[in-house]
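> Here is how the chains run, residue by residue.
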Amino acid sequence: MAEILTVVEAADGSVKKVSLELLALAGKLGEPAAVWLGPGYSDAAGAVLAEHGAAKIYVADNADLVDYVVAPKAEALAQIMQSASPAAVLIASSAEGKEIAARLAVKTGSGVITDAVDVAADLTATQSVFGGSTIVQSKVTTGTPIITVRVNSIAPEVSPAAGTRVDVSVDVSSSAKTAKVTDRTVAAKGGRPELAEAAIVVSGGRGVNGADGFGVIEALADSLGAAVGASRAATDAGWYPHQYQVGQTGKTVSPQLYIANGISGAIQHRAGMQTSKTVIVVNKDPEAPIFELADFGVVGDLFSVVPQLTDEINKRKG
Amino acid sequence: MKIAVCVKQVPDTWAEKKLRDDDSTLDREAADGVMNELDEYAVEEALRLIEAHGGEVVVVTMGPDRAAETVRKALSMGADAGVHLVDDALHGSDALATSYALAEVLSGRDFDLILFGSESTDARMSVVPAMVAERLGLPQVTFAQKVEVDGSTVRIERLTEYGYDTVEASTPAVISVVEKINEPRYPSFKGIMAAKKKPVETLTTADAGLDSAQLGLSAAWSTVAQFAARPPKAAGTVVTDEGDGGTKIVEFLSEQKFV
Ligand SMILES: Cc1cc2nc3c(=O)[nH]c(=O)nc-3n(C[C@H](O)[C@H](O)[C@H](O)COP(=O)(O)OP(=O)(O)OC[C@H]3O[C@@H](n4cnc5c(N)ncnc54)[C@H](O)[C@@H]3O)c2cc1C
Ligand SMILES: Nc1ncnc2c1ncn2[C@@H]1O[C@H](COP(=O)(O)O)[C@@H](O)[C@H]1O
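These protein sequences, in sequence, are chains A and B. Reading the first sequence from the start, the letters are residues 1 to 318 in the working numbering. Reading the second sequence from the start, the letters are residues 1001 to 1259 in the working numbering.
Do not take every clue at face value.
Derived pair list, reagent style DSS-like, types lysine-lysine, alpha-carbon separation capped at 30 Å [as the list claims (entries may be wrong)]: (1) Lys180(A) / Lys1002(B); (2) Lys277(A) / Lys1002(B); (3) Lys1257(B) / Lys107(A); (4) Lys284(A) / Lys1180(B); (5) Lys1017(B) / Lys277(A); (6) Lys177(A) / Lys1180(B); (7) Lys277(A) / Lys1233(B); (8) Lys1018(B) / Lys180(A); (9) Lys139(A) / Lys16(A); (10) Lys284(A) / Lys1257(B); (11) Lys16(A) / Lys1180(B).
Some chain B residues near chain A, calculated using beta-carbon distances under 8 Å [to be verified]: (12) Arg1028; (13) Tyr1164; (14) Ser1222; (15) Thr1240; (16) Gly1246.
Simulated from the structure, these hints should not be mistaken for lab results. The structure displayed is predicted, hence computed values, not measured ones. Glycine included, every Cβ here is placed at the ideal spot set by N, Cα and C.
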């Protein structure tokens, strides 16, 4: 069975959930292999990948891969593709994931499909486009299909495999080392789930009316074990940090449950949350376009509705 | 400093977008065309850079005849000149073909910086800037929320999942910008009048020396097998808060087994 390469994303050395989703998808298409690009690989990370189906784990432990923007990762993948001859390459649809896919496609003469929500055994990808109004089935016809997959599209599966470590030494050319990362600024992270991966997202917009107002949103999020998100109006105003922005130019989320509070539902916001499975809306304007997406909506003041909701949930939890 | 800005005409942000039944490409006739929003930020950033450092801004677009409107808009914001690649042979080009055509048009023109939006609202791929950097062999400093140029050094803040990276490269370089970077200006009346006299070079694929085998729908490396409108979502329940809004939501959540 042909190999399906999946590119691992990790944070602080631990494998992100999306990488396990890619392995689950790869398992439907061929023999899953994981590719670790950069330093920081550990046996613990390898064990997680193996437990979720990785038959092989290619480890390219080379600091150049993370010290320069994108180009070295694409080079490394192209080299691994040469020796592994995979049937397809799956990459997470993050901003960087898409850029890796872009360069890899040019390098290897392969077609690329971004933002797939599913891939069938014949490598036909399903995409949800135009804000979810159209479902497209597409297929790469030239080269090795390079497909980026949206977070939360597939459930990770426990499916133990060998997880054989294969060390690869990659040659990073000098032309790939031209955009140097000189500093990393990591925004303070709270104890809440990662926004892009969370099963429940509670978000607030201009209606939250200030940084203090986000206390109400956070309390609801904590009652549900959810991540907190924000509209651009709220992040631009400095009420909530930028990395929590949901939307076209923020994070794309696809949780089981999305609760939008004081958000009007501008098209750029919807672009980042439209594929949420269930949507709840609290907004005092009955005409707000976000209600079009609501499975359940309350027209009302979030400062009375949300605290009551939080109390009720906490009560039920006993 | 000579700066190119790649701008794309896209269907109006709020318009309902659809694919054509005949060849599954985006129906560009169905809606008014506008400049891709993020490209306005790229034009603005280019204008600010030459206001600070001196130089010239050239907007580059590939698109049908009426994409000339988008070139004109950038000129009325203050760009100095335009290049419009237009040819029926380009219809249906995928991102790979688009990046090939743009890279060919851009190369040999001695640009110090090539700016892009970080995503188009129609394709939403976020791949063209990285592809152009790859094809031209130039440093890629993309997803910039801040750009600084100091002699031949360009330094950006690259937005990441966890915050941002500071990235440094030498010019010439490829930059893409996110919307946090600035607030695009509106064209002034004077700008609109001045734009009418600014030079726009209109190129066919032959003028640009492009290999037609790499362009258009037939050359695309991926195809749309089929598409369908998603069945409209069943209308949800909307209630007005009468002091029990929170309780009502909990009842719904409990029916759906969330609590
Ligand atoms: C290039 C570009 C990219 C963009 N990218 C993004 C993006 O990634 N994400 C994003 O979110 N936006 C993005 N935007 C901005 C977007 O267009 C909207 O401006 C933004 O989403 C509005 O945020 P909002 O809904 O919080 O604010 P508003 O539109 O002002 O809506 C506030 C809502 O709160 C309600 N409200 C007020 N008070 C209360 C109360 N007490 N109780 C209940 N409801 C109340 C109001 O009725 C209103 O509906 C982008 C725009 C551009 C041009
Ligand atoms: N046809 C085009 N003409 C000029 N620039 C383009 C074109 N297509 C894409 N771009 C540029 O590439 C960016 C990213 O587009 P995309 O990869 O399609 O999301 C856009 O914001 C534009 O700056």
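> Please work out if lysine 180(A) and lysine 1002(B) have their alpha carbons no farther apart than 30 Å.
Judged against 30 Å, a Cα distance of about 23 Å means the pair holds.
> Keeping to a limit of 30 Å between CA atoms, is the pair of lysine 16(A) and lysine 1180(B) held or broken?
Holds - the C-alpha atoms of lysine 1180(B) and lysine 16(A) are around 27 Å apart, at most 30 Å.
> Classify the hint on glycine 1246(B) as holds or violated, based on whether any CB of chain A lies nearer than 8 Å to its CB.
Holds: closest Cβ of chain A sits about 3 Å from glycine 1246(B), inside 8 Å.
> Decide if the proposed pair is consistent with the structure: lysine 1257(B) and lysine 107(A), CA atoms, cutoff 30 Å inclusive.
violated, 48 Å
> Does the structure keep lysine 1017(B) and lysine 277(A) at a Cα separation of 30 Å or less?
The given pair, whose Cα atoms are some 22 Å apart, holds under the 30 Å limit.
> At a threshold of 8 Å, is the proposed contact between tyrosine 1164(B) and chain A supported by beta-carbon distances?
holds, 5 Å
> Between lysine 284(A) and lysine 1257(B), does the CA-CA distance stay at or below 30 Å?
Given pair lysine 284(A), lysine 1257(B) holds - Cα atoms ~26 Å apart, limit 30 Å.
> Between lysine 177(A) and lysine 1180(B), does the CA-CA distance stay at or below 30 Å?
Status holds; Cα separation ~27 Å.
> Quickly compare the C-alpha distance for lysine 139(A) and lysine 16(A) to 30 Å and report which way the hint goes.
holds, 27 Å
> For the pair supplied as a hint, lysine 1018(B) and lysine 180(A), confirm whether the alpha-carbon distance does not exceed 30 Å.
violated, 40 Å
> Please work out if lysine 284(A) and lysine 1180(B) have their alpha carbons no farther apart than 30 Å.
Holds, because 28 Å separates the two Cα atoms, which is no more than 30 Å.
> Min Cβ distance, serine 1222(B) to chain A: is it shorter than 8 Å?
holds, 4 Å
Against the hints set out earlier in the document, violations occur for numbers 2, 3, 8, 12.
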